[in-house]
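Student: Required output: the full structure, derived from the provided sequences and hints.
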Amino acid sequence: MKTRAVLIAVVAFLGMVDALYLSLERNAGPIPCHITRGCNDVLTSRYSAVAGIPISWFGLAFYVTVFSLAVFTIFETEPPASRPLRWIFYLSGIALVISALLVGIQAFTLKAFCEYCLLSAALVLTIFLLSPHAFPRTHSP
Amino acid sequence: MSLSLGLLPIAGFMQPMRPTAYLAGVANCYEEYYLDETAEFSYRVHPIARVFLKFFAPRRKRCATMRGMSKAVKPLSIILLAVVVAVVAAVYLSRRPEEVPETSAAPVLGKGGGHFRGPEKAPITLVEFGDYSCPSCGAYHPVVKELLNRYPKQVRLEFHHYPLISIHPNAMAAALAVEAAGEQGRYWEMHDLIFEHQEEWSASPNPEPQFLALASRIGINSNDFMQAMRSPQLRDRVLQDVVRARDAKVDAVPTFFIDGERIHVTLSVGAFVEIIEARLRK
Chain A
658 MKTRAVLIAV VAFLGMVDAL YLSLERNAGP IPCHITRGCN DVLTSRYSAV
708 AGIPISWFGL AFYVTVFSLA VFTIFETEPP ASRPLRWIFY LSGIALVISA
758 LLVGIQAFTL KAFCEYCLLS AALVLTIFLL SPHAFPRTHS P
Chain B
696 MSLSLGLLPI AGFMQPMRPT AYLAGVANCY EEYYLDETAE FSYRVHPIAR
746 VFLKFFAPRR KRCATMRGMS KAVKPLSIIL LAVVVAVVAA VYLSRRPEEV
796 PETSAAPVLG KGGGHFRGPE KAPITLVEFG DYSCPSCGAY HPVVKELLNR
846 YPKQVRLEFH HYPLISIHPN AMAAALAVEA AGEQGRYWEM HDLIFEHQEE
896 WSASPNPEPQ FLALASRIGI NSNDFMQAMR SPQLRDRVLQ DVVRARDAKV
946 DAVPTFFIDG ERIHVTLSVG AFVEIIEARL RK
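These protein sequence lines map, in sequence, to chains A and B.
Take 658 as the starting number for the first sequence in the numbering used here and just add one per residue.
Take 696 as the starting number for the second sequence in the numbering used here and just add one per residue.
I should point out that these hints are in silico values taken from the structure, not numbers from a laboratory.
All of these numbers come straight from a predicted model, not from anything done at the bench.
The hints are all genuine.
Sample of chain A residues facing chain B (criterion: CB under 10 Å; computed from the structure): (1) Asp-675; (2) Leu-677; (3) Ser-680; (4) Glu-682; (5) Tyr-720; (6) Glu-733.
The calculated PhoX-like cross-link candidates involving lysine-lysine, where the alpha carbons are at most 25 Å apart (straight line), are: (7) Lys-944(B) with Lys-768(A); (8) Lys-766(B) with Lys-659(A); (9) Lys-816(B) with Lys-977(B); (10) Lys-659(A) with Lys-769(B).
Just the calculated beta-carbon pair ranges, DEER-fashion: (11) Ser-963(B) with Leu-753(A): 32 to 42 Å; (12) Ile-710(A) with Asp-931(B): 44 to 54 Å; (13) Ile-755(A) with Leu-788(B): 16 to 26 Å.
Cβ coordinates follow ideal geometry from the N, Cα and C atoms, glycine included.
Tutor: Structure, rendered in structure tokens:
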């Protein structure tokens, strides 16, 4: 359980750096892509912000929350230690649906990909896949 | 941990105790009856913890809450440290080469080759490499126009095509449409119209009728326009701009240069004004 929490914390930390980088770059002018083409198109499109707040800020809030929950799981000494991981499971499930929508918008509406956004989607998927093990296994009698 | 150590000198009269215990006031709670001694309690716990406990913890559960807070200090310190490290890493990754001017190998753009807007003898030439299909170029367009209105005598715009045809299938046709309008002396009018109506034609399977409609709106002869759009000379002119863009190591659109030097600027008139004012003061 704690090994998984450590892995989730590491992935969430990478997500924090990615989301912060995107937030900083978004305010610093045109954004160069290194692998894909179209970072600028994605990050300046009308889908890149909700109510004027850049999506990267929501991503940052998600990663900080997940990182915090994972760290609390690592330091938890009393049962049930799995409670924060369950929250990670629910949160990353919601984030995964949103990430899938955003990747869909990149692929079908904007027809441009932003590598940093794709990395974020991959990190969300990794967190989601790591978190279900928080649930206790049921054994049949 | 460092936070709690930093707060230690605030209450110099306190007897020495573990910083985490001090921060959460755990040391005060080894005897339950202390909970009724409000004065003792308030002197022995850190002010921040006291405020928290007063408003959020029921009196009978203050000891347990304080122990919980003490346990939370270590993870909270790690979270705080991780956020700080992430900020430093993100700032490091997002640094621009231009921020180190002496050692920078920033590409420098030669003069000429594009279409000009503004006075010939303007002290500042703003060069833009743009793609008519790119939404961010469309977003920068009103900003650049506002800038030219604000500095009618000081700033001159030089526009170069950089159609990213791999992701914008109509970008080349749009560049040709503007060049074709330029053949009839209406380059900038068409340039503005194409940007302003970007959403209408950029996803169209055949944008030519839309370009033709826009061209006729500014009094362009339709036959000459359509003929010019198919002209290999105009295509070569656009491709020459693409070569210029690659020579100048343009890796995103729009990319701006001022007097040959690449600038990174946010989507606001103020950001451009700041750079231009600094240049004018030189």
